Amino acid sequence: MYFHQTFLSFIHKGTKKVICPHNGELIGSEGDLFIFPPGSIISLENRPLVDADYQADGVSIANALIDAVYADQPVTPTATGIQVVRGKEHKPEDVLALMKETLANTSLPEALRQHRLLEPLIWLRHIGVHLSKPDTDNPLSKVRSLIETDLSYAWRATDVASHFAMSEATFRRWLAKSGHGFAKVLLHTRLEKGLALLQSTHEPISNVALDCGFNTPSHFSEAFKKRFGIRPKEIRSREV
Numbered sequence: 013m014y015f016h017q018t019f020l021s022f023i024h025k026g027t028k029k030v031i032c033p034h035n036g037e038l039i040g041s042e043g044d045l046f047i048f049p050p051g052s053i054i055s056l057e058n059r060p061l062v063d064a065d066y067q068a069d070g071v072s073i074a075n076a077l078i079d080a081v082y083a084d085q086p087v088t089p090t091a092t093g094i095q096v097v098r099g100k101e102h103k104p105e106d107v108l109a110l111m112k113e114t115l116a117n118t119s120l121p122e123a124l125r126q127h128r129l130l131e132p133l134i135w136l137r138h139i140g141v142h143l144s145k146p147d148t149d150n151p152l153s154k155v156r157s158l159i160e161t162d163l164s165y166a167w168r169a170t171d172v173a174s175h176f177a178m179s180e181a182t183f184r185r186w187l188a189k190s191g192h193g194f195a196k197v198l199l200h201t202r203l204e205k206g207l208a209l210l211q212s213t214h215e216p217i218s219n220v221a222l223d224c225g226f227n228t229p230s231h232f233s234e235a236f237k238k239r240f241g242i243r244p245k246e247i248r249s250r251e252v
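First residue of the sequence shown: 13, per the working numbering; consecutive thereafter.
Simulated from the structure, these hints should not be mistaken for lab results.
A quick note: this is a predicted structure, and the numbers were derived from the prediction, not measured.
Where is the CB? At the ideal position from N, CA and C, for every residue including glycine.
Some hints here could point you the wrong way.
Said to hold, decoys possible - Straight-line C-alpha distance at most 27 Å; calculated DSS-like pairs for lysine-lysine:
# : residue 1 : residue 2
1 : Lys196    : Lys145
2 : Lys28     : Lys103
3 : Lys205    : Lys245
4 : Lys100    : Lys245
5 : Lys196    : Lys28
6 : Lys145    : Lys189
Claimed, not checked - Now the in silico label distances, taken between C-beta atoms and shown as ranges:
#  : residue 1 : residue 2 : range
7  : Arg184    : Pro60     : 36 to 42 Å
8  : Pro60     : Ser119    : 35 to 41 Å
9  : Ile139    : Asp171    : 23 to 29 Å
10 : Ser174    : Lys238    : 26 to 32 Å
11 : Glu101    : Glu246    : 19 to 25 Å
12 : Val62     : Lys237    : 20 to 26 Å
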């Protein structure tokens, strides 16, 4: 899984197991908060309870909000890894409640809404959490951003190399700095967008497959199952 922006995952039921390239295996349970920095590439597993499905809420944080709270902090690399705020000690559910209340209140003037959305970030900073902006010069980030402009397009390495004014060989070496090959980046970008569409829309799976660049729903389903361990038709009854 790849995160463009800082992403907060509040666990309500069950547990989340994350394999972080920098911090190893992390496990969170009910009440805990996972903080994924921008540019994170991780493997995760959401585990239900015996008598209840896994449940969580996720929030992406706009870079402008992070700038407003952390602008005076020294720059740290994304490689600091994933952070976990434990529920028993810090009660992050209270922060989520504040966010939901702010976003649900349609009568709030936009300026006041933005001000209130800073409060959870100020709290995170107060307890020692550092949030950073994405490294927009990272090859992986640049390539994924280009692919996302038209996921249904039949992207080839030569197309992307041309966009960045490189030969194909130079492009492949440049992208290899991120530790990933072009075919894998293309596939994962499409699948992760598919996951987001399945969770946030009611579009038929066949439409999602085509929108994400897959020729057939069956190809999408097979690749999705291999990537996430679950088929697309099952995902709408769960939360990541």
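ask   = Tell me, which hint numbers fail for this structure?
value = Of the numbered hints, 4, 9 and 11 do not hold.
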